[in-house]
Amino acid sequence: MSSQVILYDLPSKQGTSWSLNPWKPRMILNYKSISYTTQWVEYPDLAPTLSSLGIPPNPPHRNPVPYSSPAIKHHNSTLEMDSWVIAHTLEKLHPTPSLNIDDPVNTQVRDLVTALSNPIRPFVIPKVPAILSPRSASYFLETREVRFGKPLSRVLAEDATEKCWEEADEAAAEIGKLLRKDASGPFFLGARVSYADFIFVAYLKFLETVDREVFERVVGLDEGFKGVYEACKEWLKRDN
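Numbers 1 to 240, taken from UniProt numbering, label the letters of the sequence shown in order.
Keep in mind that the hints are not guaranteed to be accurate.
Unchecked claim - The list that follows gives simulated cross-link-like pairs (lysine-lysine, DSSO-like), each with its CA atoms no further than 30 Å apart:
id	residue 1	residue 2
1	Lys13	Lys73
2	Lys181	Lys92
3	Lys32	Lys177
Unchecked claim - The following label-pair restraints were derived from C-beta to C-beta distances:
id	residue 1	residue 2	range
4	Glu234	Pro57	27 to 37 Å
5	Thr161	Leu53	18 to 28 Å
6	Lys13	Ala47	13 to 23 Å
7	Pro151	Thr96	45 to 55 Å
8	Pro60	Glu142	16 to 26 Å
9	Asp102	Ser35	19 to 29 Å
10	Glu223	Val65	15 to 25 Å
11	Arg154	Thr96	20 to 30 Å
12	Lys127	Ala173	38 to 48 Å
I should point out that these hints are in silico values taken from the structure, not numbers from a laboratory. Each residue gets a CB set at the ideal place from its N, CA and C atoms; glycine is no exception.
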């Protein structure tokens with residue numbers, strides 16, 4: 001007998017999904033109408049919880065953090081971590097409706113979202129603790145201070161400049177070009193939904209939750225951004 005799908009996600013202090021990477025499999029589950037439950041895991045509990053399940057740590061060349069969110073227990077009881085890996089398994093186990101996951105656009109958009117998000121991180125990451133529970137906020141502040149080499153308050157004060165937006169422009173323009181490549185619909189593949197849409201929209205949803213002003217500025221970088229976000233809203237409705 002198959003078991004219930006369980007998504008291991010990081011909660012906001014309101015008990016809802018907020019983080020970029022967990023939103024990707026959540027959108028897939030919502031899109032494919034797969035029955036699932038959410039197990040919320042606070043930041044300090046992430047490594048002990050996932051390791052206790054027997055999930056191997058991330059390969060260091062892919063992620064320097066041994067345990068990360070999201071993780072999932074599939075209906076066949078197999079366990080996985082990493083949104084990219086999870087997406088491919090979900091597509092294999094639940095092939096319809098398709099996410100066109102083998103199309104090259106998925107890798108292109110994955111890499112472009114990284115190129116877009118990295119420069120504007122100083123505007124965004126310092127705002128994350130405000131939406132977390134006290135335990136997770138404290139953990140986030142401590143670990144990100146180590147990662148950035150200074151407190152997040154200084155990251156925001158010193159590094160969040162207009163130069164960040166200038167550095168993000170090229171990636172935003174390339175994403176916009178991909179959205180206009182097929183004029184038949186709002187998605188990266190025109191009228192067909194792909195995982196690329198969820199990669200990009202998950203990022204926009206993360207921004208909207210953490211900092212509405214930054215979200216509006218990013219959406220305003222290209223006329224196609226709002227269209228694909230609105231077209232995917234149906235699969236953002238379930239956030240718990």
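>> Just to be careful, I want the Cα atoms of Lys13 and Lys73 compared with a cutoff of 30 Å; is the pair within it?
In response: holds (24 Å)
> When you take the CB atoms of Glu234 and Pro57, is the distance between them in 27 to 37 Å?
Replying inline: holds (35 Å)
>> Assuming the hint says 15 to 25 Å, is it satisfied by the Cβ distance from Glu223 to Val65 or not?
In response: violated (36 Å)
>> For the hint 13 to 23 Å, verify it against the beta carbon of Lys13 and that of Ala47.
In response: holds (21 Å)
> Lying within 45 to 55 Å: is that true of the beta-carbon distance Pro151 to Thr96?
Replying inline: Once the Cβ atoms are compared, 48 Å apart, the range 45 to 55 Å for Thr96 and Pro151 holds.
> How does the Cβ-Cβ distance of Lys127 and Ala173 compare with 38 to 48 Å: does it lie in that range?
Replying inline: violated (25 Å)
> Between Arg154 and Thr96, does the beta-carbon spacing fit 20 to 30 Å?
Replying inline: With Cβ atoms ~49 Å apart, the hint is violated.
> Is Lys181 within 30 Å of Lys92, Cα to Cα?
Replying inline: Between Lys181 and Lys92 the Cα gap is close to 27 Å, so the pair holds against 30 Å.
> Given a hinted range of 16 to 26 Å, is it respected by the beta-carbon distance of Pro60 and Glu142?
Replying inline: Holds, since Pro60 and Glu142 (Cβ atoms, about 21 Å apart) stay within the stated range.
> Within 18 to 28 Å or not, the Cβ separation of Thr161 and Leu53?
Replying inline: The hinted range 18 to 28 Å is violated for Thr161 and Leu53, with Cβ atoms some 42 Å apart.
> Taking the CB of Asp102 and the CB of Ser35, does the distance hold inside 19 to 29 Å?
Replying inline: holds (26 Å)
> Holds or violated: Lys32 with Lys177, Cα cutoff 30 Å?
Replying inline: holds (27 Å)
Of the numbered hints listed earlier, those contradicted by the structure are 5, 10, 11, 12.
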